[in-house]
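Just so you know, the sequences run in chain order A and L. Numbered per our numbering, the first sequence finishes at 258, counting up by one with no gaps. Numbered per our numbering, the second sequence finishes at 407, counting up by one with no gaps.
If you are wondering where the hints come from, they were derived from the structure by calculation, not from laboratory data. It is possible that some hints are incorrect.
As the list claims (entries may be wrong) - Within a straight-line C-alpha distance of at most 30 Å, the following computed BS3-like cross-link-like pairs (lysine-lysine) qualify:
id : chain 1 : residue 1 : chain 2 : residue 2
1  : L       : K97       : A       : K20
2  : L       : K396      : A       : K121
3  : A       : K100      : L       : K107
4  : A       : K160      : A       : K181
5  : L       : K107      : L       : K97
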Amino acid sequence: MGRALDILKIEDLSVEIAGKMILKNIDLTVPKGEIHVLLGPNGSGKTSLIQTIMGLCSCNVVSGKIWFDGVDITGMPINERVDLGIGIAFQNPPAIRGVKLGHVVRSFLEGKGQAVGRDIKLARAVNFPIEFLDRDLNLGFSGGEIKRSEILQVLAQRPKFAILDEPDSGVDVENLEVIGKAINNFLEGRSGLIVTHLGHILNHVKTDVAHVLISGRVACSGKSTKVLSQILKEGYRWCERCLREKEVEKCREKRRKR
Amino acid sequence: MQGKKEKALNAKEKPAALGPDLDINSFTRDVKPWRYGPIHSLSSDITQQSLKVGIRPDEKGRAGTYFQIDHSTVFRATQKMFEGKAEVMSTEEAFEKYDWMDDYWWKVVDVDADKYTALAEMEWDKGYFIRALEGQNITLPLQACLFISKDNLNQNVHNIIIAEPNSEMQIITGCTIHPNVQRGLHVGISEFFVKEGAKLTFTMIHNWAQNFDVRPRTGAMIEDGATFANNYVCLKPVKSLQMYPVAYCKGVNSRVRFNSILYGAENSNLDVGSKVILQAAGSRGEVTTRAIASDNSQIYARGLLIGEHEDSKAHLECRGLLLSNSSSIHAIPELIAKVKGAELSHEAAVGKIAEDQIQYLMARGFSESEAVALIVRGFMDVSIFGLPSQLQEEIKKMVDITTARVL
Numbered sequence: 001m002g003r004a005l006d007i008l009k010i011e012d013l014s015v016e017i018a019g020k021m022i023l024k025n026i027d028l029t030v031p032k033g034e035i036h037v038l039l040g041p042n043g044s045g046k047t048s049l050i051q052t053i054m055g056l057c058s059c060n061v062v063s064g065k066i067w068f069d070g071v072d073i074t075g076m077p078i079n080e081r082v083d084l085g086i087g088i089a090f091q092n093p094p095a096i097r098g099v100k101l102g103h104v105v106r107s108f109l110e111g112k113g114q115a116v117g118r119d120i121k122l123a124r125a126v127n128f129p130i131e132f133l134d135r136d137l138n139l140g141f142s143g144g145e146i147k148r149s150e151i152l153q154v155l156a157q158r159p160k161f162a163i164l165d166e167p168d169s170g171v172d173v174e175n176l177e178v179i180g181k182a183i184n185n186f187l188e189g190r191s192g193l194i195v196t197h198l199g200h201i202l203n204h205v206k207t208d209v210a211h212v213l214i215s216g217r218v219a220c221s222g223k224s225t226k227v228l229s230q231i232l233k234e235g236y237r238w239c240e241r242c243l244r245e246k247e248v249e250k251c252r253e254k255r256r257k258r
Numbered sequence: 001m002q003g004k005k006e007k008a009l010n011a012k013e014k015p016a017a018l019g020p021d022l023d024i025n026s027f028t029r030d031v032k033p034w035r036y037g038p039i040h041s042l043s044s045d046i047t048q049q050s051l052k053v054g055i056r057p058d059e060k061g062r063a064g065t066y067f068q069i070d071h072s073t074v075f076r077a078t079q080k081m082f083e084g085k086a087e088v089m090s091t092e093e094a095f096e097k098y099d100w101m102d103d104y105w106w107k108v109v110d111v112d113a114d115k116y117t118a119l120a121e122m123e124w125d126k127g128y129f130i131r132a133l134e135g136q137n138i139t140l141p142l143q144a145c146l147f148i149s150k151d152n153l154n155q156n157v158h159n160i161i162i163a164e165p166n167s168e169m170q171i172i173t174g175c176t177i178h179p180n181v182q183r184g185l186h187v188g189i190s191e192f193f194v195k196e197g198a199k200l201t202f203t204m205i206h207n208w209a210q211n212f213d214v215r216p217r218t219g220a221m222i223e224d225g226a227t228f229a230n231n232y233v234c235l236k237p238v239k240s241l242q243m244y245p246v247a248y249c250k251g252v253n254s255r256v257r258f259n260s261i262l263y264g265a266e267n268s269n270l271d272v273g274s275k276v277i278l279q280a281a282g283s284r285g286e287v288t289t290r291a292i293a294s295d296n297s298q299i300y301a302r303g304l305l306i307g308e309h310e311d312s313k314a315h316l317e318c319r320g321l322l323l324s325n326s327s328s329i330h331a332i333p334e335l336i337a338k339v340k341g342a343e344l345s346h347e348a349a350v351g352k353i354a355e356d357q358i359q360y361l362m363a364r365g366f367s368e369s370e371a372v373a374l375i376v377r378g379f380m381d382v383s384i385f386g387l388p389s390q391l392q393e394e395i396k397k398m399v400d401i402t403t404a405r406v407l
């Protein structure tokens, strides 16, 4: 069972998508008040993992459990997970015609009984033109605009636990700093999981632990600054080696038990 | 007129090219006349129904009003500040007043197109005449209501709408029935003349019943530098509705826009299209359709663009959303370029609501049914009509009420 001290606890999670095993026996824990990073090469399963945490239906949980703040959320509908306090900034959100960004932002703010005009303040905080509040969700948004719109929605939601999927991809240098600052301010004292491919955002956001995903498995977990600098130096080969060693160790253990 | 009567007689058995064929004799023509008087003196079951199609019984915010029940004109007026600028009357009165009415009668719709046009000529039940005088800007919308109060009645109206040179006007038309009416046939002939430099925005809202048949026949002539916007909204069930209005962009730099929002409910059969014929230099056309099919409804969304001039351009866009497995949408876009240089294009997309859109909104805290409702409401985005904000707000409310009820 998830401990009350952990905001997120994933136990032995295996997930298949369209009949293919994408995540294998994942164990991952984020204690309350910590910000973790999820690293990994393209196609390693980072996005699938956070989609499973969110409950998107294309991900089929074959085994294992996900605990959020002590509650088993493994089979819970997406919106109920949101009600419990999980928020997500998507990497590639769909465009929805006729549904205004402002409508979503205000629905969060009204739910929290916040003052009128707060949507405009939040938009300014992520350097987002307020006209965008009247625009159709993600329709014709540039890559950088999508990132800011996603962060804006998470800021409006004020979740206990924020999942940010590649908040830095496609963002120019100036806005990276703005977004990084907004995320950092927001995450102060909260918990979160940041998915990043290149790690740029980590220059602006303070994080505690990094987990590296390779081929659907957690290859290593450790202090984020150390893990990141090692990857920047040696690439993901370093983690692949780690994973191989882990597997060899597992095999040995099995043999010993026999 | 004799020639037209003869033509009509010859076409009285001629089925329409599209839509289910109807037995005209199964409807009644027998109805008592209504007395003329102010709209607010009408019973509330009538005024409440008319409100649902955008007709304000208090006439507030409207430049003029025409109200017809069954075969009788019950009210028509122009607000004082628009007297001498706009005219509203029945087409019957217009024939008495003007000797030039024949110049506009059956000019952009053929009297012998099919048995419904023939019926409208042989059994004509008035209709409205709305005209903006030369150079006048009618700053408030004019409203016209065509109402049927008796079950199984056949109503055949013939409307003439003229925007004189350099005038500007907005018209909102609501066609509806008494809540007790189940069955009936409404035939509406509408002929539009948008003259040099004029701007006409026409918005028609239909509200029928599950066993009601509707056959509008519409044509528009658009002259030099003139703009015609034709908006159509149908949100309630209907047995069969078939129409294929046509706009002739005859003038240099003439422009036409057809926008339709269709909601097919219950067993509705909607066959709705728009034709644009580009005949002059700089003529432009745009057809936008949003169709939603639910329950057992069948929707045909047609569009035809014909480029007859080398400096002409038009685009057709149709989006369809299926909400049930027993409904269907058939999008039929057609482009005919008759000269090189005519630029015609279309895009059509039909399908169910994308799962990733629902999940995205659920990740924003909405329940699944709230997410679907938001997407459907957003899909029927009335801002495509390009209406002034107050009118847009009124129509948006109607759409919102429909989506709130059906979802």
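Going down the list of hints, with the structure as the test:
Taking the CA atoms of K97 (chain L) and K20 (chain A), the gap is near 78 Å; set against the 30 Å cutoff, the hint is violated. With a C-alpha separation of about 28 Å, the suggested pairing of K396 (chain L) with K121 (chain A) holds against the 30 Å cut-off. Taking the CA atoms of K100 (chain A) and K107 (chain L), the gap is near 44 Å; set against the 30 Å cutoff, the hint is violated. Only pairs whose Cα atoms come within 30 Å are accepted, and K160 (chain A) paired with K181 (chain A) is accepted, the gap being roughly 18 Å.
For the proposed pair K107 (chain L) and K97 (chain L), the alpha carbon gap of about 19 Å is at most 30 Å, so the pair holds.
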